[in-house]
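Chains as they are written, first to last, in the working numbering: chain R, 1 to 781; chain Z, 782 to 987; chain Y, 988 to 1145.
Calculated from the structure, these hints are not laboratory results. The structure displayed is predicted, hence computed values, not measured ones. All clues stand as given, with none of them false.
Derived DMTMM-like pairs: lysine to aspartate or glutamate, alpha-carbon spacing no greater than 20 angstroms straight-line: (1) Y/1137 / R/711; (2) Z/862 / R/130; (3) Z/862 / R/135; (4) R/444 / R/456; (5) Z/815 / Z/828; (6) R/651 / Y/1117; (7) Z/862 / R/131; (8) Z/862 / R/691.
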Amino acid sequence: MAQKYVGQRLTRTEDPRLLTGQAMFVDDVQIPGMLHAAFLRSEYTHARLKRIDVSAARNRPGVVAVYTAADMGDTWRPGPPLVSPPPTIKDIVFHSRTQVPLVKDKVRLAGEPLAVVIAESRYIAEDALDDIVVELDPLEAVVDLEKALEPDAPRVHDDLDSNLACHLIQKKGDYAAAREKADLVIKRRIVIDRGTAAAMENRGIVVYWDAKSQQLTVWDTTQAPIPIRNGLAGMFGLSPSQVRVIAPFVGGGFGPKIMMFYPEEMVLTWATLQLGRPIKWIEDRRENFYATNQERGQVHYAELALTRDGHILGLRDDFIHDTGAYDPYGLTVPINTQCHAMGPYRIPNYYSDLKVVFTNRPIVSPLRGAGRPQGVYVIERLLDIAAKELGMDPVEIRKRNLLPPDVFPYDNQIIDQAFVPLVYDSGNYLPILEKAAEMIGYEKFVKEEQPRLRAEGRHVGIGIVCFIETTGIGPYEGARVTVEPSGKISVATGVGTQGQGHFTSFAQIAADQLGVNPRDVNVVTGDTSQFHWGTGTFASRGAVVAGNAIHAAASTVRAKVLKLASKVLETPEEELELADGMVRVADIPEKCISLGELAVLANPLRGAVEPGTEPGLEATAYFGPKYGATASGAHAMILEVDPETMMVEIKRYILVEDCGTVINPLIVEGQLHGGVALGIANSYYEQLMYDENGQLLNASFADYLVPTASEVPRVEITHLETRSPLNPLGNKGVGEGGCIPVPCLFAQALEDALADYGIEILETPLSPNKLFDLLSGKRNK
Amino acid sequence: MKVEGEYIFNGPRAEVWDLVRDPEVLATALPGTKSLNQISANQYEGEMNVRVGPVAGVFAGRVVVSDEVCPESYTLTVEGKGAPGFAKGTGRVHLIAQDDGTTLMKYEGEVQIGGKIASVGQRLLDTVSKSMIRQGLEALNKALEARVARSKGQEVECQPPSEAEFAAAVAKDMAGQLLSSSWVLWIALAVVVIIVAAIWLSRGGG
Amino acid sequence: MNDLFAVSVTVNGTRYERTVEPRLLLSDFLRHELGLTGTHVGCEHGVCGACTVLFDGEPVRSCLMFAVQANGHEITTVEALGTPENLHPLQEAFWEAHAVQCGFCTPGFLMSLVPFLEENPNPTEEEIREAISGNLCRCTGYQHIVDAVKLAAEKLRK
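For reference, chain R alone in the conformation it holds in the complex (with noise of 0.2 angstroms):
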């Protein structure tokens, strides 16, 4: 069957509602008779709780309720553990410390709720949580990852004997005897630090329990709807069936949207069962930077063993990752880190040692990227220090060291996120880069421009970077695909929808089994009513795993279609053909039905049918990778710093993908745009600053810098393909890659740009006055 749809520029199919402010999303929500919440937060980072009065709050008129951990009796209890520490690895040391839903006794990080005050608005909610009366005996935070494990830090935790959450070694080969062959061996200690999300829409909740149809129902800005109802429902005693979680349009996720649960969803789930009213529940901008996870700080002290040709003997990483006050997470984060160190190079010994550590700042779980950017952050500063101590090029050690195409699928030996070995699909890793150094004209900014600018007293420099990105990740995802009597095709998967898109993607795969215009697919994400079987949306795996279980679901139906059609049409399957929501004999196209009409016949009202038969023209499909699908890319970029002012512009950037089939490149375009841009955050704007006591000094976007259109440069995109054998589509996820190598590479061309002043820059995100303390000697080096 020739495809039609995979593959084109579709504009989306959603935009129109979004454009003109008839989509709906959470906050849109309006339920008569609908309470509103506002909780206490605890400004101590550490303290314990000695006493919390909230009898004032109760008498404000307008209050309905104000409940603490105590009115919680037995149904306080800790969030389950979302994630494991993959039961593939063996001598694992991990401490499962998960998030309350409210104080009981000790308070482990700012913004930790105390009490929540439940009104008849949001605005008496607020007013009351000033009623509240709370004493806190402050206890010494922790906050540095490394002081975290010196034997007298305090401890987040106090039963465990350390803040030592996780201790976990993975390896390849053996990296000591590599180490003593090698001719260079670079040691360095490098330094991530942690950003927020930021989406535009803070996260929210409305909850309404209707005791008399015995119906729990939950918006939420969730990523996977489907865990949350299932959840829910084991936590309250609830069947998955009263329980319905819409996770509706949703203002941006980028990860932290996914989160088994945050507080507020037990809390006001609880409430809700209470009270058998509606609660709504909307975080302000300042709760998000507390109240909602965060991701990247680690400290690593890398180690790369090289030949004096430039060949990677080894590599060892021994790393700190801060999991902040509980990990319910598990080790998603630091093992992504673990896994995209060795980057898409041929690493023949590895041995990577990582220490988790509880600290008294906000949780840690995954952030686009997720563990991603620091893995490829460390192997590629490496790779430049090397490159420079060889007097090497950096594309020319990259190249040598590329894993070339005939490996695949090539096994790298450690355990991954998804809790099996870390296998790379397919790739073409060396075309990628130079690609890129082609596009961006690498040997002639090199030769010729930029001793021509320097001469001219400018600091220009080039960076080009390489990178893979673990996508497409199971267990699994379902699908259902209907045809309507009307002859539009309805399609229902469970995760949920942030922006990438999907109404259109999808509806772009299932148009191309079923001939019928993607318009008239019409998708539902997100609505555990409409399907209940999936795990959510998350490691660039959307597109991979629930496009994948759509395109199994249309392949049937498309079955269906045929079989039906073909007794109808009185004619064999092999010589009909699907188009234009018809099927027709191939040579006789006056000869046709109608797919509409064929869900009719489908759907007998009446009279005898063979045995077996399944009414109507649908099925549902699943569809579960045997492991995760290996993206890869280059990006390049040339920027242009002024050594007084330390402001820097981005003056061309290139990025080079290769996800393998591409669904509609107008909206991986936009991901990769998008993925940028968060990168150029994470690289010179972005930094959630923390003092030595644990307080966030920039909960605002006053002074967290989130980077407007005057930051972010045109993106020059070319797309490469690599199909992935392990799903019919051969596509592997995108989402995440866009941000994936900015840092190593802003990293590159800064210290390019800045040649004179022999810079090595060790840490990310920096910043204008970081940077002008690096020129001025005031910073490692």
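Starting from the known structure of chain R, arrange chains Z and Y on it as the hints suggest.
Using the frame of chain R, we list chains Z and Y on its own:
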């Protein structure tokens, strides 16, 4: 965090000591103080209006004076909290008589600031606190000069700033100096805490 | 806070009479009192621009204004621009250029751009970037938004 700074008063040490023990003078030097009560020989509780940019509210606090060596030095321990956040600091203040008849005030201490005032007001804290300190110390110095003059039989007009004048001056300072490094900020904050403490102390003591 | 004020505001051509608390934000008034939920609230401190509406034709942050300040004035929100079936040329351009991802910031961008394009019907890329630098978008990296504004300018000039 360690903090330190100094200021020169145009008067003899004994007068400065008396001044920082005079609640009337101190209260007018830094408008915003709502109340101060002595709860024991060296402990005081009080309330003060604080505004840093978008963050405003009443701080309720407790001050403890210790290691008092008249007229040379004293230690202040301050804890305040309210809707804007919390502050906790310990500072040691030294008064050193100078040969030219002036008095050098030196202070050093540690302070922690948290909550909204730290997270949202951060950029403004610096200039607000520096401005408050400068004005507070200048007002004290004016009062001191007036006292010294009075003791010499001269009558000098000394009008403490009103809350509105004070706020206007803070705003002017903020417009003038929006950039400075963060350690200056912390020092400035510590000083604010110490001065606030001094006010509470002297009011209660008086 | 219990004193109520009568306000009379014209929103998208319709006159609304309401009694509100003086502290009620204009954004909350539009969204929750009038049910015009196309205006979104992203930061509540005037930085992200998602809540931008037109106040007597000028773009303002509705999260930084009180409803009572709109008394006697005219407000235009995204709902007045076009409908899904009949998009405004600016909305059409956003659609065609894929300038929308999650769509949360989009109404604010549109409302900032309507007066911009009236004043500057043929803007350069730099002018466009400057014009939208008061609106934050986390999904698109702005590139397709810039393309959309160029396209919209073309459409509107015709």
